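If you read the sequences in order, they're chains A and B. Each residue of the first sequence is one higher than the last, beginning at 1 in this note's numbering. Each residue of the second sequence is one higher than the last, beginning at 262 in this note's numbering.
What the hints contain is simulated information worked out from the structure, not anything from laboratory work. Being a predicted model, the structure only gives us computed values, none of them experimental. Positions of the beta carbon are idealized from the N, C-alpha and C atoms, including for glycine. Some hints here could point you the wrong way.
[As the list claims (entries may be wrong)] Okay, derived cross-link-like pairs now, BS3-like style, lysine-lysine, Cα gap no bigger than 30 angstroms in a straight line:
| # | chain 1 | residue 1 | chain 2 | residue 2 |
| --- | --- | --- | --- | --- |
| 1 | A | Lys44 | B | Lys367 |
| 2 | A | Lys143 | A | Lys21 |
| 3 | B | Lys370 | A | Lys44 |
| 4 | A | Lys44 | B | Lys387 |
| 5 | A | Lys143 | B | Lys368 |
| 6 | A | Lys143 | B | Lys367 |
| 7 | B | Lys367 | B | Lys387 |
| 8 | B | Lys387 | A | Lys143 |
| 9 | A | Lys21 | A | Lys237 |
| 10 | B | Lys368 | B | Lys387 |
| 11 | A | Lys237 | A | Lys143 |
| 12 | A | Lys237 | A | Lys44 |
| 13 | A | Lys44 | B | Lys368 |
| 14 | B | Lys387 | B | Lys370 |
| 15 | A | Lys143 | A | Lys44 |
[What the hints assert, rightly or not] For the chain B half of the interface with chain A, some residues (derived, Cβ under 8 angstroms), not all of them:
| # | residue |
| --- | --- |
| 16 | Phe272 |
| 17 | Asp332 |
| 18 | Leu335 |
| 19 | Met340 |
| 20 | Phe342 |
| 21 | Arg363 |
| 22 | Gly364 |
| 23 | Trp478 |
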Amino acid sequence: MSSVLAPLALIGALTMNVLAKLGRFVLFLLRSFSHIFRPPYYPKEFAISLLTIGWLSLPVVGLTAIFTGGALALQIYSGGARFNAEAVVPQIVAIGMVRELGPVLVGLMIAARVTSSIAAEIATMKVTEQIDALVTLSTNPMKYLVVPRLLAALITVPLLVGIGDIIGIAGGYAVGVQNLGFNPAAYLKNTADFLELRDIVSSLVKGGVFGVIAALMGCFYGMHSDRGAQGVGRATKGSVEAAAILILAANFVLTGLFFSV
Amino acid sequence: MIRLDNVHKTFGSNRVLRGLTLEIERGTSMVIIGGSGTGKSVALKCILGLVTPDSGTITVDGQQAGTGDRDAFLARFGMLFQGGALFDSLPVWQNVSFRHLRGSLKKPKEQAREIAIEKLRRVGLKASVADQLPAELSGGMQKRVGLARAIAADPEIIFFDEPTTGLDPIMAGVINDLIREIVVEMGATAMTITHDMSSVRAIADNVAMLHEGVIKWTGPVAQMDNSGDPYLEQFITGSAEGPIEAIR
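Make the full structure from the sequences, and use the hints.
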């Protein structure tokens with residue numbers, strides 16, 4: 001009998017574990033957003049977060065976008081050649097970068113760079129009792145650690161996505177003009193004519209949502225880290241996995257909302 | 262006065278505090294001793310509200326911990342953490358004057374820095390340390406910075422969590438003397454948790470022996486060696502034989 005019930009017990013335990021974690025996350029999410037609207041605020045921490053999440057991510061975002069835009073131009077040209085559609089390179093690079101690849105790749109790069117860094121930093125603070133120290137110094141860790149990072153990601157990631165879109169299109173332009181023989185002026189005109197406001201808005205909205213996911217996951221896993229070096233490692237790994245999966249899932253949902261026929 | 266009355270706390274299946282009752286008179290120095298995992302740190306964190314007890318009451322001068330204005334409640338406390346818990350990203354002076362740079366006790370930056378340097382001097386550190394990062398300091402210096410931070414806002418109550426752990430005997434003696442001097446000088450109520458018997462003798466007015474989540478013995482430090490309590494005697498002598506299991 002016990003061998004029959006063992007798998008059920010395991011499934012039950014796993015389900016309870018997942019539900020408990022989900023409950024903790026929902027509470028964390030609500031508390032995080034509630035603290036945004038309640039002082040005190042920490043402008044210095046916010047400025048530092050703007051710098052580390054936004055400004056210092058620019059090189060990674062720029063390099064990712066330029067190579068992706070260039071590769072996309074080559075792929076579309078060679079794929080389009082199969083049915084004499086090489087001329088659509090500017091339009092498809094623009095729409096591909098702005099609607100999909102720009103936000104998703106920037107989101108994933110932010111998850112890799114920022115989420116991991118936030119989770120590792122906060123988890124280390126937790127295991128070395130720095131978070132307890134903050135509390136004893138009359139400082140709420142949610143306000144001091146979470147809110148500045150959350151707001152900074154909400155503001156900077158859409159900007160990074162916008163910059164990534166432009167650089168990606170520029171990468172496609174460089175390859176199109178230099179390697180594929182497109183006329184520069186015509187390439188730019190086709191790009192500008194084809195893009196709609198809805199494409200740009202969807203890109204920036206996705207950036208905002210992905211930024212919030214990236215920062216929240218880093219903070220949540222950091223604040224709920226287990227003790228020791230292994231705890232910090234697990235928090236970091238878990239935060240990046242969760243952020244990447246949630247970003248891709250959110251991308252699917254948002255794409256459906258913006259572009260469902 | 263700090264009063265803990267029948268405080269219980271369980272983590273999962275681990276019953277850490279099993280009816281802890283203890284009183285610490287205002288202006289006295291209480292040292293809680295006991296083996297690892299007996300609930301000393303948890304007791305201290307329960308008072309500060311870092312851990313919520315499952316049952317029992319904790320009052321500080323009649324006010325129940327966890328009720329009323331939390332900032333005002335915490336402003337009465339200073340705490341020296343076992344590992345220092347200094348903020349790695351901030352220079353030493355900003356660690357010490359953390360409370361004076363933000364929140365209700367905020368002061369102009371220059372004044373906050375002056376306070377930090379004065380407190381650093383009080384714990385035997387030079388002003389040149391102020392601009393260093395915690396990682397650039399030795400373990401003993403980090404403890405002193407932690408001590409300076411604990412006393413920076415002139416708290417009424419100071420907690421010391423294993424103040425001499427990881428220090429050589431000479432540095433441990435220096436820290437013990439500093440703690441005693443500061444507590445006497447400030448007239449503060451102090452609560453220290455430690456395994457180190459030399460710390461107990463240097464710091465304590467009163468001693469409490471905690472074992473398996475309850476106080477086994479409490480009394481003045483002068484009576485500690487003649488307590489007649491088998492738990493305390495075993496702990497003082499460091500013997501493997503006695504009511505406390507050597508392997509826990």
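The hints, checked one at a time:
1. A:Lys44 <-> B:Lys367: Judged against 30 angstroms, a Cα distance of about 14 angstroms means the pair holds.
2. A:Lys143 <-> A:Lys21: holds, 22 angstroms
3. B:Lys370 <-> A:Lys44: holds, 13 angstroms
4. A:Lys44 <-> B:Lys387: At roughly 27 angstroms apart (the allowed maximum being 30 angstroms), lysine 387 (chain B) and lysine 44 (chain A) satisfy the hint.
5. A:Lys143 <-> B:Lys368: holds, 20 angstroms
6. A:Lys143 <-> B:Lys367: Roughly 17 angstroms separates the two Cα atoms, so the pair holds.
7. B:Lys367 <-> B:Lys387: Distance ~24 angstroms between lysine 367 (chain B) and lysine 387 (chain B) Cα, so the pair holds.
8. B:Lys387 <-> A:Lys143: Cα-Cα ~33 angstroms, so violated.
9. A:Lys21 <-> A:Lys237: Roughly 16 angstroms between the alpha carbons, so the hint for lysine 21 (chain A) and lysine 237 (chain A) holds.
10. B:Lys368 <-> B:Lys387: holds, 22 angstroms
11. A:Lys237 <-> A:Lys143: Holds, because 24 angstroms separates the two Cα atoms, which is no more than 30 angstroms.
12. A:Lys237 <-> A:Lys44: Satisfied, since the Cα-Cα distance of roughly 28 angstroms is no more than 30 angstroms.
13. A:Lys44 <-> B:Lys368: Within the cut-off at roughly 16 angstroms; holds.
14. B:Lys387 <-> B:Lys370: Status holds; Cα separation ~19 angstroms.
15. A:Lys143 <-> A:Lys44: Within the cut-off at roughly 12 angstroms; holds.
16. Phe272: violated, 12 angstroms
17. Asp332: Because about 5 angstroms separates aspartate 332 (chain B) from the closest Cβ in chain A, which is inside the 8 angstroms limit, the hint holds.
18. Leu335: For leucine 335 (chain B), the interface hint holds, since the closest Cβ of chain A sits about 5 angstroms away, which is under 8 angstroms.
19. Met340: holds, 5 angstroms
20. Phe342: Holds: closest Cβ of chain A sits about 5 angstroms from phenylalanine 342 (chain B), inside 8 angstroms.
21. Arg363: holds, 7 angstroms
22. Gly364: holds, 5 angstroms
23. Trp478: violated, 29 angstroms
When the structure is compared with the earlier hints, violations turn up for hints 8, 16 and 23 and for no others.
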